[in-house]
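Asker: If you want the building blocks of each chain, they are given just below.
Protein chains: 2
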Amino acid sequence: MGQLIHFSICPFSRTARLLLAEYGIDASLAEEKPWEWRAPFLAVNPGGNLPVLLLDNAAICGITPITEYLFETNPFAADNVVPELYPEEPLAKAETRRMSDWFHQKFHAEVWSYLAYERIENPFVHRHPPNPEAIRAAMANMHNHMAYLSRLLEERYWIGGDYMSMADLAAAAHLSCLDFLGDITWEKAPLVKNWYARIKSRPSFRPILKDSFPGIVPPAHYTNLDF
Amino acid sequence: MGQLIHFSICPFSRTARLLLAEYGIDASLAEEKPWEWRAPFLAVNPGGNLPVLLLDNAAICGITPITEYLFETNPFAADNVVPELYPEEPLAKAETRRMSDWFHQKFHAEVWSYLAYERIENPFVHRHPPNPEAIRAAMANMHNHMAYLSRLLEERYWIGGDYMSMADLAAAAHLSCLDFLGDITWEKAPLVKNWYARIKSRPSFRPILKDSFPGIVPPAHYTNLDF
Numbered sequence: 001m002g003q004l005i006h007f008s009i010c011p012f013s014r015t016a017r018l019l020l021a022e023y024g025i026d027a028s029l030a031e032e033k034p035w036e037w038r039a040p041f042l043a044v045n046p047g048g049n050l051p052v053l054l055l056d057n058a059a060i061c062g063i064t065p066i067t068e069y070l071f072e073t074n075p076f077a078a079d080n081v082v083p084e085l086y087p088e089e090p091l092a093k094a095e096t097r098r099m100s101d102w103f104h105q106k107f108h109a110e111v112w113s114y115l116a117y118e119r120i121e122n123p124f125v126h127r128h129p130p131n132p133e134a135i136r137a138a139m140a141n142m143h144n145h146m147a148y149l150s151r152l153l154e155e156r157y158w159i160g161g162d163y164m165s166m167a168d169l170a171a172a173a174h175l176s177c178l179d180f181l182g183d184i185t186w187e188k189a190p191l192v193k194n195w196y197a198r199i200k201s202r203p204s205f206r207p208i209l210k211d212s213f214p215g216i217v218p219p220a221h222y223t224n225l226d227f
Numbered sequence: 001m002g003q004l005i006h007f008s009i010c011p012f013s014r015t016a017r018l019l020l021a022e023y024g025i026d027a028s029l030a031e032e033k034p035w036e037w038r039a040p041f042l043a044v045n046p047g048g049n050l051p052v053l054l055l056d057n058a059a060i061c062g063i064t065p066i067t068e069y070l071f072e073t074n075p076f077a078a079d080n081v082v083p084e085l086y087p088e089e090p091l092a093k094a095e096t097r098r099m100s101d102w103f104h105q106k107f108h109a110e111v112w113s114y115l116a117y118e119r120i121e122n123p124f125v126h127r128h129p130p131n132p133e134a135i136r137a138a139m140a141n142m143h144n145h146m147a148y149l150s151r152l153l154e155e156r157y158w159i160g161g162d163y164m165s166m167a168d169l170a171a172a173a174h175l176s177c178l179d180f181l182g183d184i185t186w187e188k189a190p191l192v193k194n195w196y197a198r199i200k201s202r203p204s205f206r207p208i209l210k211d212s213f214p215g216i217v218p219p220a221h222y223t224n225l226d227f
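Chains as they are written, first to last, in my numbering: chain D, 1 to 227; chain V, 1 to 227.
Hints are not guaranteed to be accurate.
[As the list claims (entries may be wrong)] Covered stretches of chain V, as calculated for chain D (at least 3 residues, CB under 8 Å): (1) 39-50; (2) 58-65; (3) 97-106.
Don't read these hints as lab results, they were simulated from the structure.
Even for Gly, the Cβ is constructed at its ideal location relative to N, Cα and C.
Taking the hints into account, I'd like the entire structure generated from these sequences.
Answerer: Dropping the structure here:
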């Protein structure tokens, strides 16, 4: 089914790849570097954000439209072969969406947007040294997010509730990007580590853990399923 | 139906109010100042973002979860009494979601987040003079957004397509906040002005145009339906 335009170290793109893999939907991948703002890409998606799902007759732009579209149209959703990543019950579904948005919006704005710029774009694209103040602010914010996730996981087995859902894919996609950069001290958040080990060992995660970026060496535990 | 926790000059809150009004759903309003981070509010919504829809048995946090929840559960949606704010066809719905997200994420990040801070929070809460550089950057970004909307409205009558949709409510909510601050030069974007006049004259808009904020006087055209 179509092609996913993505970037390997982009949490929104990774969420879409996890979703497609969990649903057993085969889409080819085309990588787009988000800082290049290439005209042919902007012609497809004027917003310039990733990912984009290219279908025969349309382009679906952005992680939320892609997620909702796949749930509305995925022919596999009616079977019980694939995990039901959105609960049926509307309030439970709203909680899944709250926690997906938590990562796609709040975590992104307070943590990832800084780290992506300072650890990837600034040093490797603009060849500027990273701004240590921005990194410190992002890391301080990250500790607050990890503390919230730890409290949440005292009460529930998965991020969105009692069952694995879209919220887990979103959370794992975002944390996997930070982990790639070596920015997570897992020992400080054992409940989050335990949850991440569970989701990281799913087959949908394997291709993501193989991604690389020239000049960045992920920590040894990054690809280790029993880290 | 429940209570909406909102802030009067918040585009996400205004989107929810327009949606509730268009659907004929009666919810009481409770105002929350987003910069206060009050503990009782954070106990309801740990993310601290607005709006929140309080139901008897749950709190639905954030504009996207609220929007999708209302579409999934609204008992009026099956009638033809209320406008169908999401098209039935999945690709058309994806386009509606793309343009809603455009405002809730891209426009917010590039324009409103700066203006809200520099024109409201900085002068009226922290009693600091606004940063003219941040305002200039936001205004430059806004011109790009207005140019994109103008191109879009050459091809379609509404923001999301041929019919009024959720995307129009989101766009109008965001632009109405800028207009309240007097930051839009409508004469430069006649197609956008024409569209805004159409949506602004809907009954759902009336309560919003009555909002005030101590110390800010909106321009004369703000409440004028034939501006």
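Asker: So, for every hint listed, does it hold in this structure?
Answerer: Now for the hints, and whether the structure bears them out:
{"no.": "1", "hint": "39-50", "verdict": "holds (count 3)"}
{"no.": "2", "hint": "58-65", "verdict": "holds (count 6)"}
{"no.": "3", "hint": "97-106", "verdict": "holds (count 6)"}
Violation of the numbered hints given earlier is absent; every hint is satisfied by the structure.
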